[in-house]
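Novice: Listed here are the chains, written in short residue letters.
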Amino acid sequence: MNKQMTAGDVVAQLKSGMTIGIGGWGPRRKPMSLVREILRSDLKDLTLVAYGGPEVGMLWAAGKLKKVIYGFVSLDAIPQEPYYRKARQAGAIDVVELDEGMLTWGLRAAGMRLPFLPTRVGLGTDVMTYNPEFKTITSPYADGEVLLAMPALNLDVALIHVNRSDKLGNTQIDGPDPYFDDQFARAAEKCFVSTEELVDRMDFSHPDTAKQNLFERYLVTGVVHAPFGAHPTSFPPMYGWDMDHMKKYAASAAEEDGWDKYVAEYVTGGEDAYLEKAGGAERVKNLKLPVF
Amino acid sequence: MSQSTDFSLAELIVTAASEAWRGNGEVLASGAGGPLTRLGASLAKLTHTPELLMTDSEAYLVEEPIPLGPRGDYKPKFSGHLPFSRVFDCVWRGLRHAMTGPVQIDRWGQTNLSMIGSDFRKPKIQQLGVRGLPGNTINHMNSMWVANHSTRVFVEGEVDMVGGVGYNKARWPAGVKQDYVDLRLIVSNLCVLDFEGPDHAIQVRSLHPGVTFEEVQAATGFPLLKSPSMKETLHPTAEQLAIIRRLDPHNIRAAMLKDNPPGIRAA
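First to last, the sequence lines map onto chains D and G.
Positions in the first sequence are counted from 1; adding 12 to them yields my numbering.
Positions in the second sequence are counted from 1; adding 904 to them yields my numbering.
Worth flagging that the hints you see were computed from the coordinates, not collected in a lab.
Glycine included, each C-beta is placed from N, C-alpha and C at the ideal position.
Heads up, some of the hints might be wrong.
[As the list claims (entries may be wrong)] Distance condition first, Cα-Cα at most 30 Å in a straight line; then the derived BS3-like pairs of lysine-lysine:
#1 Lys260/D x Lys79/D
#2 Lys1026/G x Lys260/D
#3 Lys79/D x Lys259/D
#4 Lys1026/G x Lys98/D
#5 Lys273/D x Lys1026/G
#6 Lys78/D x Lys1028/G
#7 Lys78/D x Lys259/D
#8 Lys79/D x Lys98/D
#9 Lys1028/G x Lys273/D
#10 Lys979/G x Lys297/D
#11 Lys147/D x Lys1028/G
#12 Lys981/G x Lys260/D
#13 Lys56/D x Lys981/G
#14 Lys259/D x Lys1162/G
#15 Lys259/D x Lys1081/G
#16 Lys79/D x Lys979/G
[What the hints assert, rightly or not] What follows is a list of derived Cβ distance ranges for each label pair:
#17 Gly929/G x Lys273/D: 39 to 49 Å
#18 Asp993/G x Pro91/D: 22 to 32 Å
#19 Glu1119/G x Lys223/D: 16 to 26 Å
#20 Ser1022/G x Pro91/D: 52 to 62 Å
#21 Ile90/D x Leu1161/G: 19 to 29 Å
#22 Glu288/D x Glu955/G: 50 to 60 Å
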């Protein structure tokens, strides 16, 4: 059993119209090398589920998205994701805006193969107004409380970036916060991970950090070796986000042909060229971790 | 403790914000509306409410509030783990008091962090999204911080997109549990408001030095009540100022309000 593949192999398994979940949180630990491979593809009409960061703006700018389901979209230090804001203010994108907790609840429902999970979160707000498909359910017990039946967010595919993986699909995440990557993996038909470090067997190489394993390898369909694959997002504890790069990306949204220029400079040439353009391995490795 | 006269408006606001957490006991104090709210939570923990839990603003619990900005040699000491998934566990259990910085607030205490405009599908200005407001407001104590008290923030009707729930009866379908909605304070650059009027009506609890009720009313899109005990916002004590200055060694607070005004307005 060897699940190693290339980013191209992953994208070859995706189809236009699919629902794709992307792990990480805002500009933190996003599988950006896989996102860039989607940018290079002819996929379209994707539905994206994410705690959104730059992947939302990029995939929209590249014409890949039909719909985004999110709890927020932000680059943290640049509060408004520039292309996402542009898309919204042009009325050019279909969205399901959720409370951050509702999103994980929908993923959990999917991961447990349930149609929904009950919650109070969202009731009394315009999340209900703008998502009229959301229904309430009355507790069958004596309390009779009316709750929101948060529908399952079933994913065709989840994409996640991890610190290390073996060729069997055993993964480890070292950052202080695992975000909701385990929930994304469980909610998906297929989960593909990109990894900074690839080993043959985790039990031979990293048995002492097995507690950093957050989801089981039976959930993992493919493993892509992608050093610095989270750039320009942060990858604790290895490297911080590249705010210079994200500022340049953000500025491109206001420039004529800004996106095309960004793609020509960073995306078209492939990942080796990308890393060179980003200043090389040495620079990325030394990007300071953000202090919150 | 003697009151000081040499302090900035930002320092007065931090002191006023800290009052939101007074007596809350063992709950997570989240100053989630930027540096002044984080300083307020930290000040609360270091003075009147040491039982509060706090994080390093990333994923770990700490017993000693962490100074703002670059930390130099300071190494946070972690007492526990609170990644986002456990923050939601905390929220849903109701053991938190957050102070957020919404872009709009209405007379019912409903809050908006999502978008400005009349058409959700095509906002005039896209903001962050509802983020955690729906879950926070229906589950635990909440307060708010407003840097620019104006009718743009305190709107006349409902907020453009209700992300955080409040006390608007029309928004609550029969059978939905409202028991955990618990709005506490709104701290602005002009005053402190609370929800202790009839039917949770918003009232002025204290006015910052030199500010009049009429000025606050003119900057608010809905009628305000005066608290029966309305007074001047308490000035920070020397002890409080020392703590604030220690927790903000880079003086980030000075950039939070335009021109960093003094706490007591020049006559």
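Novice: For each hint, tell me whether it holds in the structure or not.
Specialist: Going down the list of hints, with the structure as the test:
Our distance criterion of 30 Å between C-alpha atoms is met by Lys260/D and Lys79/D, whose separation comes to about 25 Å. Using a Cα cut-off of 30 Å, the hinted pair Lys1026/G and Lys260/D holds, with the two alpha carbons roughly 26 Å apart. The straight-line distance between the Cα atoms of Lys79/D and Lys259/D is roughly 25 Å, inside the 30 Å bound, and the hint therefore holds. For the given pair, Lys1026/G sits about 10 Å from Lys98/D by alpha-carbon distance, which is consistent with the 30 Å threshold.
Pair hint Lys273/D plus Lys1026/G holds up; C-alpha atoms about 27 Å apart against a cutoff of 30 Å. Taking the CA atoms of Lys78/D and Lys1028/G, the gap is about 21 Å. The hint holds against a cut of 30 Å. Between Lys78/D and Lys259/D the alpha-carbon distance is near 26 Å, which keeps this suggested pair within the 30 Å criterion. Taken as a hint, the Lys79/D and Lys98/D pair is honoured in the structure, with Cα atoms around 15 Å apart against an allowance of 30 Å.
This hinted pair checks out: Lys1028/G and Lys273/D have alpha carbons roughly 27 Å apart, not beyond 30 Å. The straight-line distance between the Cα atoms of Lys979/G and Lys297/D is roughly 22 Å, inside the 30 Å bound, and the hint therefore holds. With a C-alpha separation of about 29 Å, the suggested pairing of Lys147/D with Lys1028/G holds against the 30 Å cut-off. For the suggested pair Lys981/G and Lys260/D, the alpha carbons sit about 36 Å apart, so the restraint of at most 30 Å is broken.
Using a Cα cut-off of 30 Å, the hinted pair Lys56/D and Lys981/G is violated, with the two alpha carbons roughly 47 Å apart. A hinted pair counts as satisfied when its Cα atoms are at most 30 Å apart, and Lys259/D with Lys1162/G qualifies at roughly 24 Å. In summary, the hint linking Lys259/D to Lys1081/G is not supported, as the alpha carbons are separated by about 44 Å, beyond the 30 Å threshold. Note on Lys79/D and Lys979/G: the hinted pairing is violated, with a Cα-Cα distance of about 43 Å set against a maximum of 30 Å.
At roughly 55 Å, the beta-carbon separation of Gly929/G and Lys273/D lies outside the given 39 to 49 Å, and the hint is violated. At about 26 Å, the beta-carbon gap between Asp993/G and Pro91/D stays in the expected band of 22 to 32 Å. Between Glu1119/G and Lys223/D the Cβ separation comes to about 57 Å, which falls outside the hinted range of 16 to 26 Å. For the pair Ser1022/G and Pro91/D, the supplied restraint of 52 to 62 Å is violated, since their beta-carbon distance comes to about 22 Å.
Take Ile90/D and Leu1161/G: their Cβ atoms lie about 22 Å apart, and the range 19 to 29 Å holds. One distance hint, 50 to 60 Å for the beta-carbon pair Glu288/D and Glu955/G, holds here, with the actual separation near 53 Å.
Of the numbered hints given earlier, the model fails hints 12, 13, 15, 16, 17, 19, 20; all others are met.
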